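Asker: The primary structure of each chain is shown beneath.
There are 2 protein chains.
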Amino acid sequence: MSRILIDAMGGDNAPGSVVEGAVLAKKSEKIESELVLIGNPEKLKPFKSEMEKHGIEFQEAEDEFGMDEKPSKVLRRKESSLYKGAEIVKNGEADAFISAGNTGGLLAVSTFVIGRIKGVPRPAIATPIPSIRGFTTFLDSGANLDCKLENYLSFARMGIALKRTEGVKNPKVGILNVGAEKDKGTEIIKQAHNLLTEKLAEQFIGFVEGRDITLGDVDVVVTDGWSGNIALKSMEGVAKLIMKMLKESIMSGGVLSKMGAVLLKSTFDDLKRKMDSRNTGGGYIIGVNSPALKAHGNSDDVAIYNAIRVAEEGIRYKIVERIRNAVN
Amino acid sequence: MSRILIDAMGGDNAPGSVVEGAVLAKKSEKIESELVLIGNPEKLKPFKSEMEKHGIEFQEAEDEFGMDEKPSKVLRRKESSLYKGAEIVKNGEADAFISAGNTGGLLAVSTFVIGRIKGVPRPAIATPIPSIRGFTTFLDSGANLDCKLENYLSFARMGIALKRTEGVKNPKVGILNVGAEKDKGTEIIKQAHNLLTEKLAEQFIGFVEGRDITLGDVDVVVTDGWSGNIALKSMEGVAKLIMKMLKESIMSGGVLSKMGAVLLKSTFDDLKRKMDSRNTGGGYIIGVNSPALKAHGNSDDVAIYNAIRVAEEGIRYKIVERIRNAVN
Numbered sequence: 002m003s004r005i006l007i008d009a010m011g012g013d014n015a016p017g018s019v020v021e022g023a024v025l026a027k028k029s030e031k032i033e034s035e036l037v038l039i040g041n042p043e044k045l046k047p048f049k050s051e052m053e054k055h056g057i058e059f060q061e062a063e064d065e066f067g068m069d070e071k072p073s074k075v076l077r078r079k080e081s082s083l084y085k086g087a088e089i090v091k092n093g094e095a096d097a098f099i100s101a102g103n104t105g106g107l108l109a110v111s112t113f114v115i116g117r118i119k120g121v122p123r124p125a126i127a128t129p130i131p132s133i134r135g136f137t138t139f140l141d142s143g144a145n146l147d148c149k150l151e152n153y154l155s156f157a158r159m160g161i162a163l164k165r166t167e168g169v170k171n172p173k174v175g176i177l178n179v180g181a182e183k184d185k186g187t188e189i190i191k192q193a194h195n196l197l198t199e200k201l202a203e204q205f206i207g208f209v210e211g212r213d214i215t216l217g218d219v220d221v222v223v224t225d226g227w228s229g230n231i232a233l234k235s236m237e238g239v240a241k242l243i244m245k246m247l248k249e250s251i252m253s254g255g256v257l258s259k260m261g262a263v264l265l266k267s268t269f270d271d272l273k274r275k276m277d278s279r280n281t282g283g284g285y286i287i288g289v290n291s292p293a294l295k296a297h298g299n300s301d302d303v304a305i306y307n308a309i310r311v312a313e314e315g316i317r318y319k320i321v322e323r324i325r326n327a328v329n
Numbered sequence: 002m003s004r005i006l007i008d009a010m011g012g013d014n015a016p017g018s019v020v021e022g023a024v025l026a027k028k029s030e031k032i033e034s035e036l037v038l039i040g041n042p043e044k045l046k047p048f049k050s051e052m053e054k055h056g057i058e059f060q061e062a063e064d065e066f067g068m069d070e071k072p073s074k075v076l077r078r079k080e081s082s083l084y085k086g087a088e089i090v091k092n093g094e095a096d097a098f099i100s101a102g103n104t105g106g107l108l109a110v111s112t113f114v115i116g117r118i119k120g121v122p123r124p125a126i127a128t129p130i131p132s133i134r135g136f137t138t139f140l141d142s143g144a145n146l147d148c149k150l151e152n153y154l155s156f157a158r159m160g161i162a163l164k165r166t167e168g169v170k171n172p173k174v175g176i177l178n179v180g181a182e183k184d185k186g187t188e189i190i191k192q193a194h195n196l197l198t199e200k201l202a203e204q205f206i207g208f209v210e211g212r213d214i215t216l217g218d219v220d221v222v223v224t225d226g227w228s229g230n231i232a233l234k235s236m237e238g239v240a241k242l243i244m245k246m247l248k249e250s251i252m253s254g255g256v257l258s259k260m261g262a263v264l265l266k267s268t269f270d271d272l273k274r275k276m277d278s279r280n281t282g283g284g285y286i287i288g289v290n291s292p293a294l295k296a297h298g299n300s301d302d303v304a305i306y307n308a309i310r311v312a313e314e315g316i317r318y319k320i321v322e323r324i325r326n327a328v329n
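Quick mapping for you: the protein sequence lines, in order, are chains U and A. For the first sequence, my numbering assigns the number 2 to the initial residue and increments by one for each residue that follows. For the second sequence, my numbering assigns the number 2 to the initial residue and increments by one for each residue that follows.
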């Protein structure tokens, strides 16, 4: 039986939504893991009986690390739920860690407390992005603003390993660039192209452009955390814009238009589900010695439930072992 | 009477779509300018009578610069429609230049033949991006992969000047970053934050994230051409994905679903129109001595028509003069 540890204090709606998400998971037949919440005992008091009722365990951590605090500071905040949580995972008392809290903070404790996998120069955040064929594994979504040549290769190998756990046997990898031609882009990107061509052979399909992330002809897209974060959030913004425009146009469109929306309910529900980042559970901090998952800062219960689901898959499919094999 | 010169050989559908776009403009009451097409006489022969019929002038250029050629080479291709076109504009024989051809090539001839505006360290590509409130002026969309500190200030000033021609009196400017907090991002971005705070005062609202581009609380978003191009194309990809998903879901949804789509036709048409890059006409090469417009590579007649409309607005609203004043 695997154990998943969840930072009860992380996220805009913590601890309520975190508790509710854990309850959802406990009620679901799909989730088998034991769940442990870590956080401030005072703040979790109101939820104590509900947690007990659903068999959710509890670990105390007096301190909480804020969403907007400088990430590096977390390493001196040893009583925070983030730091203590990572320690528990490191000591083998839990098999995976989830937080909807400070991204940089989670990255720091994952890297320095849980620890980097040997052979991984720098962990990255890997995010599933909806595409025409399913999902594209996109990394780095923001862990490393500046990347060295070796990072691109390691991101590619980790991305391939992760994608394989989803049943894609021979994932195709591309490097994000401003054009598909070999002579386009920055110096480091051109060097990365050469390196990946040499090391990955036919798994590497070359440069891809921003629109290829969602077009689905590539399984893994690697980039530096700077471009990655900007691309990710720009894409989120467009999805929001379109949803909002659809809604406003329908609301202002009279009775026939509202009838049309009713008839298309399942279409809109499908679309919402696919574009809803709550359903992907968040992004893996990939390259560390345990599955560590960053749930969205604004996670509600459904998002936390899905993060638990993804973390359990990470344990079941042995993503850490796979990545260890892929990079060494 | 202003004269607009259009590269007849630029774009995936040239010269046919370029001629058709010019004809559309000539038929429209909105466009007053004289139109001149420049290109290969042999290839334009089949369109000669139609051009004459609509009073579209013609300039010969024997050579054409390919979509995938290395941009810097255009400066030695003095008989190409791109180079010769830029020369004609530089000599004052036309007031604006449009091409749907090689972006880097157009940038090169705009910069080195038409010429940089004094005080602009480097021209940029400014693209209008749909937002909840209208359009956000986004630059640089890909002209300068690497940016120096001075570029950010000049992009901001040019963006403000451009946005004012659209009737926004006090455009708000943000710098694209991975977070809104002042201590986030790369070194140069933090320096740019200080510089813009000092030079632009309350017009500068600080860092913005990718999703803010479409949310509409900022009028001008500045970034380096690397992130800009990646963000732009990533956003295009999401818009395409959503449109495709909507279409497929409706088509596979049975009679009721198709009825729903009919009732929502005006909603879908609105959405398509807003997301359709053909309707914005393309991006300005901003910071050069004449309005120069890069139309999408896959422009059809409507896209070319709109590029002509935007170029005419650029002449009418004296964007070059405004930018000259803004940067000096």
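In short, the hints are calculated from the structure, not lab data. Just so you know, not all the hints are guaranteed correct.
Identical chains share a label here; the pair holds if one copy fits it or two copies do between them.
[Said to hold, decoys possible] The calculated lysine to aspartate or glutamate pairs, modelled on EDC-like cross-linking and capped at a C-alpha distance of 20 Å, are: (1) 91 with 30; (2) 74 with 249; (3) 273 with 249; (4) 183 with 69; (5) 273 with 237; (6) 191 with 70; (7) 241 with 151; (8) 185 with 35; (9) 266 with 249; (10) 183 with 70; (11) 185 with 69; (12) 200 with 53.
On a predicted model such as this, the values are computed, not experimentally measured, just so you know.
Asker: Compare the structure with each hint and give your call.
Answerer: Cross-check of the supplied hints:
1. 91 with 30: neither (28 Å within a copy, 72 Å between copies)
2. 74 with 249: neither (43 Å within a copy, 48 Å between copies)
3. 273 with 249: both (15 Å within a copy, 14 Å between copies)
4. 183 with 69: Between copies only: 11 Å across, 40 Å inside.
5. 273 with 237: The answer is both: 12 Å in one copy and 18 Å across copies each meet 20 Å.
6. 191 with 70: Between copies only: 17 Å across, 36 Å inside.
7. 241 with 151: neither (35 Å within a copy, 33 Å between copies)
8. 185 with 35: So residue 185 and residue 35 fail the 20 Å test inside a copy (49 Å) and across (37 Å) alike.
9. 266 with 249: both (15 Å within a copy, 14 Å between copies)
10. 183 with 70: Answer is between; shortest inter-copy Cα gap is 12 Å, intra-copy 41 Å.
11. 185 with 69: For residue 185 and residue 69, only the inter-copy Cα distance (10 Å) is at most 20 Å; the intra-copy one is 37 Å.
12. 200 with 53: Cα proximity of residue 200 and residue 53: none, with 51 Å in one copy and 58 Å across.
Taken one by one, the earlier hints fail for this structure at numbers 1, 2, 7, 8, 12, listed in ascending order.
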